[in-house]
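Visitor: The chain contents come next:
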Amino acid sequence: MAYDSCRPEEFEELVIKHENRLYRTALAIAGNRADAEDIVQEAFLRAYEKSPCFESEEHAKAWLIRVTINLCYSHLRSPWRRKTTTLLDSYPASDPKQDELIKEVMKLPYKYRTVIHLFYYEGYSIKEISELNGQRESTIRSQLTRARQKLKVLLEDLS
Amino acid sequence: MKTYRDYMDNLFVDENLHEKILQRTSQCPSRKVVKTNASRKHLSLVASAAVILIFFTVIYPLINIDKTSPKENAIISDTKGESTPFQEGEAINGDQSYIKNAPVFHTVKQLSDASDYIFRGVFSGIEKVDGATTWQLQMFRVNHLYKGLSEEKEIRMVGRTDADAHTLKTGSEYLVFATAYELPVYPWPLINPIYNQTVFEVKADGGIQLTNKVDKKMIPVVHSEDFLHNYDREITDSVVSVLHQPAYSVPTSYSDAAEMLANSDLAARVTFSEIEYINEYVSIGKVERIQAEYKSDPQVALPVTIAINEELKTGQEYLVFLRYDSERDGLVLAARTGAIVSPTHSEKWDEVFALFH
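Chains as they are written, first to last, in numbering that gives the first Met the number 0: chain A, 0 to 158; chain B, 0 to 356.
In case anyone wonders, no lab produced these hints; they're calculated from the structure.
Here a beta-carbon is modelled for each residue, glycine too, at the ideal position from N, C-alpha and C.
Heads up, some of the hints might be wrong.
[As the list claims (entries may be wrong)] Calculated from the model, a selection of chain B residues having no Cβ within reach of chain A, i.e. all distances over 10 Å: (1) Y3; (2) I20; (3) G124; (4) H143; (5) A164; (6) E200; (7) S252; (8) A267; (9) Y276; (10) Y280; (11) E310; (12) G314; (13) H344; (14) F355.
[Said to hold, decoys possible] Result set (DSSO-like, lysine-lysine): computed pairs, CA atoms no more than 30 Å apart in a straight line: (15) B:K108 with A:K106; (16) B:K216 with B:K19; (17) B:K215 with B:K168; (18) B:K294 with A:K149; (19) A:K49 with B:K19; (20) A:K16 with B:K19; (21) A:K96 with A:K151; (22) B:K1 with A:K126.
Build the full structure now, drawing on both the sequences and the hints.
Guide: Structure, rendered in C-alpha cells:
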C-alpha cells in the first residue's frame, strides 16, 4: 500500500500497524517509558509532516524504525541527565529469569541494545541493521558479538 | 532470546498514548499537497519570486554583514545538541508527556536524595558562552552549601535562554536543588536544577518565594507551608553527607603521563582533518589519520570524531588519551587537562614518547 498523502484515515492505519513496534524499539533503546512515549509520538509526527511515499509495508516499517532509532540516539547522546524510572519499574517481568535478562540487556550500551533488539526481536539481518543504522556491516557484526559475549554467561544460565 | 521476545511481546501502546499520537498529528498540517499542472505553473512563478525576495532581504545582507564563519558554524553545530548541557524538552512545563513516569517529589528527603548540589546563594549575574545559543551560565555566590563538592564560593549553573528560562534578579538570594553532570571538555560540573524548576527565591524574612513556576504535581513538597518556612531545618535533617560526590565524576588531571596512560582505554597519535568550533569550551575534531595506537582496548575503537577542549590545528600530530564512558557509550578525553599532548610542549611530548617506547 502506498501512502501518497497522509489523509487521517490512512494515517491512523499506519499508526495502528506500527505503533507497538516503534514503542518496543524505543523502550529497548531509550530504556524508559517516558522517553519511549515521547519518541514514538515524535516519530509519527515526523511521518505525518514529511508524508513520505512508502513503496511497501516493509519500506514504511524500515523508515519508521530508522526515525525512531535516530530519535532515541538523539535523546541518549544529550548530556542533560534525566532522572526517570527504569523499564522494569514500568513493565515488571513475569518471572525472575525474565527480570534478570531484561536487567542485563538494559545494562548494555544503547548501541548494543539497538542491535540486540533489531536482530533478535525484529528479525533483521546484519546487512539490514547496517542500512537502518547507517553503519558498516562489520561494525554491526562486532557490536552484536560483543553484546552476545556480555550476555553469554547469563544466557547460558537461562537456557 | 525467547525470554526477551516474550517480554517485548507484552509491551503495548496504551490508549492514552495512541490518542496522543493521533491528537498531535491531527494538530499538524501535512506538508503534502496535490499538485495539478496549473498549480505547478503558478507555484513555479511564486517560487521564483520568493527566491529573489529571500535573496535580497535575507541572504544578501547576511553575506555582507557576517562573513565570520566560526560564529555561524557554532550556532549550526549547537543545534546538533551534542554539546548543549541541557536537553530540549526536559522542562516539565514543556512537553506534558514527561510527567507521566518521572519521579514525583513528595518530601524534602526525596528532593535532597535526588540532588547532587543543594545551596543557598546570591545570584551575581550571567556569563555568556560564546557559541552557545540555547544556554548560558548563571553565577551564584554561595552563602550556605547543604550538599555538594564546591571548593570555590562560586557555583556556575546551566541556565536556559528559551521560554523555560528562569527569571533571576541580580543580588537576590536563591535556594537551589540541582543535579550534576560531567563531561571532560567542560572545566566544571554541569549543574542543572531538577526539572529546570528547583530555583527558589529566599525572601528577606528567610522564607521561600515561589517566583518561578513550580509544577505542583511533580514537586508537591515545595508547595507545603512547612517547606516554605522551615526549609533550612528540613534540608539539614535530610542530607546525609554535606560533602557529596556525584556518582559520575571526571578526573581533572593526572600527575604524570604514566598515570594518565594507566587510566586510559586508548592512547594514539593522530592528526585531525577538520576542527569544528562548537562553543568556547568545545570543538569537534575529525580524525584524519592514526599514526600509531599505543594502548588500545579491543572493546573500543578510535572514534571518527573526538570532542576536544583545546585549540588545535588541522594536519598537526597530537597524542590523545581517551577513556571509555559507559554512560555515553563512547570514548571521551581521559581527563579535563593533559589528555591531549602537542609537540609544541616538547617536554611533555618527550615524556609520553619515552613511556610508549
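Visitor: Take the hints in turn and mark each one as holding or not.
Guide: Hint by hint, here is what the structure shows:
Its beta-carbon lying about 6 Å from the closest one in chain A, Y3 (chain B) breaks the requirement of being farther than 10 Å from that chain. Not every CB of chain A is more than 10 Å from the CB of I20 (chain B) (nearest about 5 Å), against its label as outside the interface. Its beta-carbon lying about 23 Å from the closest one in chain A, G124 (chain B) satisfies the requirement of being farther than 10 Å from that chain. With a closest Cβ-Cβ approach of about 24 Å to chain A, H143 (chain B) is found to remain outside the 10 Å limit, as its non-interface label requires.
For A164 (chain B), the condition that its CB be more than 10 Å from all CB atoms of chain A holds, with the nearest at approximately 15 Å. With a cut of 10 Å on Cβ distances, E200 (chain B) stays outside the contact zone with chain A, its closest approach being about 24 Å. With 10 Å as the threshold on Cβ separation, the claim that S252 (chain B) sits away from chain A holds: the shortest Cβ distance comes to roughly 21 Å. No beta-carbon of chain A comes within 10 Å of the beta-carbon of A267 (chain B); the shortest separation is about 19 Å.
Every CB of chain A is more than 10 Å from the CB of Y276 (chain B) (nearest about 18 Å), matching its label as outside the interface. No Cβ of chain A approaches the Cβ of Y280 (chain B) within 10 Å, the least distance being about 12 Å, so the stated non-interface status holds. Every Cβ of chain A is farther than 10 Å from the Cβ of E310 (chain B); the closest lies at roughly 22 Å, confirming the non-interface assignment. Consistency note on G314 (chain B): stated as away from chain A, and its beta-carbon is indeed over 10 Å from all of that chain's, at 26 Å minimum.
Every C-beta of chain A lies more than 10 Å from that of H344 (chain B), the closest at about 29 Å, which supports listing it as non-interface. With a least beta-carbon separation of about 26 Å from chain A, F355 (chain B) lies farther than 10 Å from that chain, consistent with its non-interface assignment. A threshold of 30 Å between alpha carbons decides the hint, and for K108 (chain B) with K106 (chain A) the separation of about 28 Å falls inside it, so the pair holds. Restraint check: the Cα-Cα separation between K216 (chain B) and K19 (chain B) comes to about 20 Å, which is no more than 30 Å; the hinted pair holds.
Distance hint between K215 (chain B) and K168 (chain B) is fulfilled; the C-alpha atoms sit about 23 Å from each other, no more than 30 Å. Of the pairs offered as hints, the one joining K294 (chain B) and K149 (chain A) holds, with about 22 Å between alpha carbons and a cut-off of 30 Å not exceeded. Taken as a hint, the K49 (chain A) and K19 (chain B) pair is honoured in the structure, with Cα atoms around 19 Å apart against an allowance of 30 Å. Proximity of K16 (chain A) to K19 (chain B) is assessed by CA-CA distance (about 16 Å); at most 30 Å being required, the pair is judged to hold.
Only pairs whose Cα atoms come within 30 Å are accepted, and K96 (chain A) paired with K151 (chain A) is accepted, the gap being roughly 14 Å. Annotation: proposed proximity of K1 (chain B) to K126 (chain A) holds, straight-line Cα distance about 22 Å (limit 30 Å).
Hint compliance for this structure: hints 1, 2 are broken, all remaining hints hold.
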